[in-house]
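If you're matching them up, the sequences are chains A and B in order.
Quick note: the first sequence uses our numbering, first residue 1, plus one each step.
Quick note: the second sequence uses our numbering, first residue 1, plus one each step.
Simulated from the structure, these hints should not be mistaken for lab results.
A hint or two may mislead.
[To be verified] Derived DEER-like restraints, expressed as beta-carbon distance ranges:
| no. | chain 1 | residue 1 | chain 2 | residue 2 | range |
| --- | --- | --- | --- | --- | --- |
| 1 | B | Thr47 | A | Asn342 | 45 to 51 Å |
| 2 | B | Ala15 | A | Asn726 | 49 to 55 Å |
| 3 | B | Thr110 | A | Phe652 | 35 to 41 Å |
| 4 | B | Ala55 | A | Val382 | 37 to 43 Å |
| 5 | A | Ala506 | B | Asp168 | 47 to 53 Å |
[Unchecked claim] Where chain A lies over chain B, by a calculated footprint (3+ residues, C-beta under 8 Å):
| no. | region |
| --- | --- |
| 6 | 24-32 |
| 7 | 113-124 |
[What the hints assert, rightly or not] Which chain B residues stay away from chain A? Per the calculated CB distances, all over 10 Å, these:
| no. | residue |
| --- | --- |
| 8 | Asp13 |
| 9 | Ile37 |
| 10 | Arg39 |
In this text, a Cβ means the ideal position worked out from N, Cα and C, and glycines have one as well.
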Amino acid sequence: MANYTVQLTAPVGVYPFNTVRISLTCLGQPQQTKDLVLTPNVAASHVFNIANGTWRLQVSGMGFVPIDEQVVVNNDATDIKNLTVIYYTLHTDRDRDGVLDAAGNINQISPQTVTFGIAGRGAIIPVNCNRDGNNAVVGRTDNQDRDINGNNDLVTGVARLEIRQTIVAPVAGPAAPVPVGWGLKLWLGKARNTDAAARNHFRIFDGDANNSVEIIGPETADEANITTASVGAAKAYGIEAVRFAGRNFASGQGIISLFIIQPEVTGANNPTYMYAERIVAARWIGNHHRQTVSRIYVVDANNANFQAALGVPVANENPPYALTLATPGASALTNVPYLNGNIWQNFIAAGRLARPAVSRDRWMRDTIVSGHSVWPGNGAGVQSKDAFMKTHRWRSLQNWIYQTLISQNVGLYYPAAGSADGINDGNSGGNIAVTPPVQKTVNGATTYYRYGRIYFGNNVQSTVDQSSREFFDAQNMQPPITLDTDWLAVGHVDEMMTFVPDNNPANAFKKWKLLVASPATAYGILRNNRNAHGNAPLLARPPHSPGNATPNFAGLGIGNAIDATGTITDFLGNGQAPTSWQDINTGNLQNYTYKQLRDWNINGVEYLINQNIRRLKAAFDLTDNDVIRVPVIFIPVHQINGNFTMADKISFWTMGADNGFNIYPGRECGFRSGAMTGDMVNMFVGNDKLMIPKPFGPWIVDNTMPNNGHDLFEDDIRQKIAAIQNGPECVFIDDWDDYHVAHGEIHCGTNELRAPYDGQTAFGNARYANWWTAVDA
Amino acid sequence: MSAQSDYQQALKDIASLASSMEDRISNRPAPYTVDQIFRRYSGTIATPMIDDLKAGVWKKWESWQLGGAISYLGSYGTSAAVAPLREIEQNYPVTDIQIQAKELADLLATLDVAVSEARQIPQVQDAIKSGDADQMARSMLLGLAQIDPDWPVRASEIQTKLFDLSADSFPAINEMAGGKLSQDDVTKALVEILFQQFLGTPTDSQREH
Numbered sequence: 001m002a003n004y005t006v007q008l009t010a011p012v013g014v015y016p017f018n019t020v021r022i023s024l025t026c027l028g029q030p031q032q033t034k035d036l037v038l039t040p041n042v043a044a045s046h047v048f049n050i051a052n053g054t055w056r057l058q059v060s061g062m063g064f065v066p067i068d069e070q071v072v073v074n075n076d077a078t079d080i081k082n083l084t085v086i087y088y089t090l091h092t093d094r095d096r097d098g099v100l101d102a103a104g105n106i107n108q109i110s111p112q113t114v115t116f117g118i119a120g121r122g123a124i125i126p127v128n129c130n131r132d133g134n135n136a137v138v139g140r141t142d143n144q145d146r147d148i149n150g151n152n153d154l155v156t157g158v159a160r161l162e163i164r165q166t167i168v169a170p171v172a173g174p175a176a177p178v179p180v181g182w183g184l185k186l187w188l189g190k191a192r193n194t195d196a197a198a199r200n201h202f203r204i205f206d207g208d209a210n211n212s213v214e215i216i217g218p219e220t221a222d223e224a225n226i227t228t229a230s231v232g233a234a235k236a237y238g239i240e241a242v243r244f245a246g247r248n249f250a251s252g253q254g255i256i257s258l259f260i261i262q263p264e265v266t267g268a269n270n271p272t273y274m275y276a277e278r279i280v281a282a283r284w285i286g287n288h289h290r291q292t293v294s295r296i297y298v299v300d301a302n303n304a305n306f307q308a309a310l311g312v313p314v315a316n317e318n319p320p321y322a323l324t325l326a327t328p329g330a331s332a333l334t335n336v337p338y339l340n341g342n343i344w345q346n347f348i349a350a351g352r353l354a355r356p357a358v359s360r361d362r363w364m365r366d367t368i369v370s371g372h373s374v375w376p377g378n379g380a381g382v383q384s385k386d387a388f389m390k391t392h393r394w395r396s397l398q399n400w401i402y403q404t405l406i407s408q409n410v411g412l413y414y415p416a417a418g419s420a421d422g423i424n425d426g427n428s429g430g431n432i433a434v435t436p437p438v439q440k441t442v443n444g445a446t447t448y449y450r451y452g453r454i455y456f457g458n459n460v461q462s463t464v465d466q467s468s469r470e471f472f473d474a475q476n477m478q479p480p481i482t483l484d485t486d487w488l489a490v491g492h493v494d495e496m497m498t499f500v501p502d503n504n505p506a507n508a509f510k511k512w513k514l515l516v517a518s519p520a521t522a523y524g525i526l527r528n529n530r531n532a533h534g535n536a537p538l539l540a541r542p543p544h545s546p547g548n549a550t551p552n553f554a555g556l557g558i559g560n561a562i563d564a565t566g567t568i569t570d571f572l573g574n575g576q577a578p579t580s581w582q583d584i585n586t587g588n589l590q591n592y593t594y595k596q597l598r599d600w601n602i603n604g605v606e607y608l609i610n611q612n613i614r615r616l617k618a619a620f621d622l623t624d625n626d627v628i629r630v631p632v633i634f635i636p637v638h639q640i641n642g643n644f645t646m647a648d649k650i651s652f653w654t655m656g657a658d659n660g661f662n663i664y665p666g667r668e669c670g671f672r673s674g675a676m677t678g679d680m681v682n683m684f685v686g687n688d689k690l691m692i693p694k695p696f697g698p699w700i701v702d703n704t705m706p707n708n709g710h711d712l713f714e715d716d717i718r719q720k721i722a723a724i725q726n727g728p729e730c731v732f733i734d735d736w737d738d739y740h741v742a743h744g745e746i747h748c749g750t751n752e753l754r755a756p757y758d759g760q761t762a763f764g765n766a767r768y769a770n771w772w773t774a775v776d777a
Numbered sequence: 001m002s003a004q005s006d007y008q009q010a011l012k013d014i015a016s017l018a019s020s021m022e023d024r025i026s027n028r029p030a031p032y033t034v035d036q037i038f039r040r041y042s043g044t045i046a047t048p049m050i051d052d053l054k055a056g057v058w059k060k061w062e063s064w065q066l067g068g069a070i071s072y073l074g075s076y077g078t079s080a081a082v083a084p085l086r087e088i089e090q091n092y093p094v095t096d097i098q099i100q101a102k103e104l105a106d107l108l109a110t111l112d113v114a115v116s117e118a119r120q121i122p123q124v125q126d127a128i129k130s131g132d133a134d135q136m137a138r139s140m141l142l143g144l145a146q147i148d149p150d151w152p153v154r155a156s157e158i159q160t161k162l163f164d165l166s167a168d169s170f171p172a173i174n175e176m177a178g179g180k181l182s183q184d185d186v187t188k189a190l191v192e193i194l195f196q197q198f199l200g201t202p203t204d205s206q207r208e209h
């Protein structure tokens, strides 16, 4: 027997390992083991009393390069070993400064939770939904293929993570090499049990070069084995988000784990230790009207006059921006990609049979919702990208959207792609809008919505699909406000309200006015002018005014009437209106009197608009002084079948439904309606101009004025906007033939890019420059 | 016009309506407008529609059209519609349509038994023989009340609430009327107000309940 002493010295340094096991084995002899806890640069030893012979000495421990050698024991001896530490760590930009951070704690997930605010933690991963390099299949964005798409993509759309090797050399002699049996494994897991597999949401590439390919993600797997040789001293990997938070991904988060496998410690394929990082997809932010317009879009749809009229104020906007003509009529059918399991397939909206046929679908607003997405970048500054949300609508304009609009500068994301959600008119950009920054004070406690709040109509008839609503909710940035647009035949919020800038209030959360359509205001103007201008016509192009070359009033068609012209006296009288609504039950046109129309507008439509204002008042601090009422008269378009109750009646004293006119619009037996006069609130809010649909309200002839007269409805809104000091300029555009008669207006026919809001300036604190520091959750 | 030709005409009307909306901001009719077109033909087209659904036409229909058809069958559907509705429930790709089809199929599946049982009731048989609409409606409702234990419960709930509203209103009315009205007068007036569409001059086709 001999006293065989094994003396171990751990290297000098700071590393998270301190334990090794010494094992001595010899044929015919019992195995000898000893666990030693080491202190850097301090020798520790253990004496084994073992038989003489040839023994196998093994020293192993997490992070330590193992020793495995034969020793011949003849008599007492001391075997001195200086150990090498080699370990691997995982790095992300946890603190969101654009630079990869030090590793977190071993065998823990860092941070413990994803947080936001000034000390927020958790790397933000860009949703790479633009199209760099053009090497993806047409219609697909960069995150819908397996590759990194060019050098620009590397900068703007792909974040980094890095595996780093640390070697701590022994106290004497050269460092040992990395053992050949050591292995690494990257694993992507979900952060919340209710989320679908994280690899459906994030993609990790095999490097950070142009054309690096997916190793973890939708089309590969949720883990990848990585050799130590490929890592060397350090290796960076690109990572992008495939989707924004939403359905099956409510958390928006994932967990990346690096498992280090030392077979001599934990056996083959079993992790020995790990480093893990929480990541979170960048958020989508819907744009509001306090953000500066940087581009306007309109569809080329046999609407040359409208394009020309719109081009004039656009050309004079301050700050200026360009106008882009969309050409769906010349855009071939384009596939809409969606991820089905782990395969990208072509989506056909549930309940539709094919891709929409090519046409000049002019409704630019309704196909997409203007927004943007921002993330911290890779050290070259914060990266911001315009990103439209594709609404769950199925019209030919989407061919142009997928073929042309998606580009290096413009991204697109379709929350409902692949869903079983049905199409509804409510799933339209005209029904999805964002308030400017607002606040809500309750019992002295104030909640600030620095990015505004999304609002949309979602009731019984007009609804927004579940996927899109889950998408809005999951962004957790602009909590939605639900309004009732059932009373409108189209059912979009832009038909009844909009926000315009007002720079004057000191309160950063009140720098706007809310414009709402108001039949009561319209009829009030008529009443106030009945005596002086009773014969002034509505719904007619005035003589020799733009769009009318004749010396006479040219009647306008609406509500099944070829010429719906009527005077102020007519509109305030009891006679038969020339307009009608179609009873689908019989196919017949149903006439009505001006009195029926008037009472229904003032007591029915106005009530429902006021009801929506009350909903807004409950959602944020809104007073009547913040509201500008805009004269608009509505007409019934068609009727909803069903049974009405007392609560649906406009007047209890009127017998029955009065053929629909005594029922609140949007209820059973009531009408769904549309604007009769130009719906001025359905305007395009530019930088210093409001591009407003001409109302064709009562026209007062005055040959001393340009166009030989003026429109009382135009006068009304112009005066109210003029009361906003340094407010925007009103520009009235005739969109009647191209949009109004098809139940839309200028806002419906346009869309835009807007620069991100300068929160730092607006709210006076650098914290509000970026969303991840601005928000608390 | 045969039921089949009526049905085909309804489909043409629907296609025509959809076509007329092509350029509008809403380019498809709402399901309830499709339902309204089908209802122009009352219940006559239910049979050819159900046959069409059995033949799988629903696979070629967009959701707005199928939704309207199912709404129509909510009034005029028979137990024959259960099988195609179950197919729609299981195979049509739109969640809302699946739910709509399931609810209607569940309801219609109970019809066979209820109808055959109610038809055995002598009062119902007499009413059918009479051909009198009022008598038929009353007898058939009471027949359903007899065979469906939930029916009297639901009817009682309505009655109780109506009596409660009358009783709660009576003290004020009594004071205003100086004791000239009884509570029965108030209850009668309440019924007339709430159901005036059915009790008054039938100038208005809409129902109030």
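Quiz item: Is 47 to 53 Å right for how far apart the beta carbons of A:Ala506 and B:Asp168 are?
Solution: holds (51 Å)
Quiz item: Taking 37 to 43 Å as the hint, is the beta-carbon distance of B:Ala55 and A:Val382 inside that range?
Solution: violated (59 Å)
Self-check item: B:Arg39 and chain A, when compared Cβ to Cβ, separated by more than 10 Å
Solution: With a cut-off of 10 Å, B:Arg39 comes too close to chain A, as the shortest Cβ separation is near 6 Å.
Quiz item: Can we confirm that no CB of chain A comes within 10 Å of the CB of B:Asp13?
Solution: violated (7 Å)
Quiz item: Within 35 to 41 Å or not, the Cβ separation of B:Thr110 and A:Phe652?
Solution: The hinted range 35 to 41 Å holds for B:Thr110 and A:Phe652, with Cβ atoms some 38 Å apart.
Exercise. Determine whether the Cβ-Cβ distance between B:Ala15 and A:Asn726 falls within the hinted range of 49 to 55 Å.
Key: Distance hint for B:Ala15, A:Asn726 holds at roughly 54 Å.
Exercise. Report holds or violated for chain A covering the region 24-32 of chain B, Cβ cut-off 8 Å, minimum 3 residues.
Key: holds (count 7)
Self-check item: Beyond 10 Å from each Cβ of chain A, as asserted for B:Ile37
Solution: violated (6 Å)
Practice problem: Given the range 45 to 51 Å, decide if the beta-carbon distance of B:Thr47 to A:Asn342 lies inside it. | Solution: Since the Cβ atoms of B:Thr47 and A:Asn342 sit about 46 Å apart, the hinted range of 45 to 51 Å holds.
Quiz item: Per the coverage rule (Cβ-Cβ under 8 Å, at least three residues), is the region 113-124 of chain B covered by chain A?
Solution: As far as the region 113-124 of chain B goes, the hint is violated, because 0 residues have Cβ atoms under 8 Å from chain A.
Hint compliance for this structure: hints 4, 7, 8, 9 and 10 are not met, and every other hint is.
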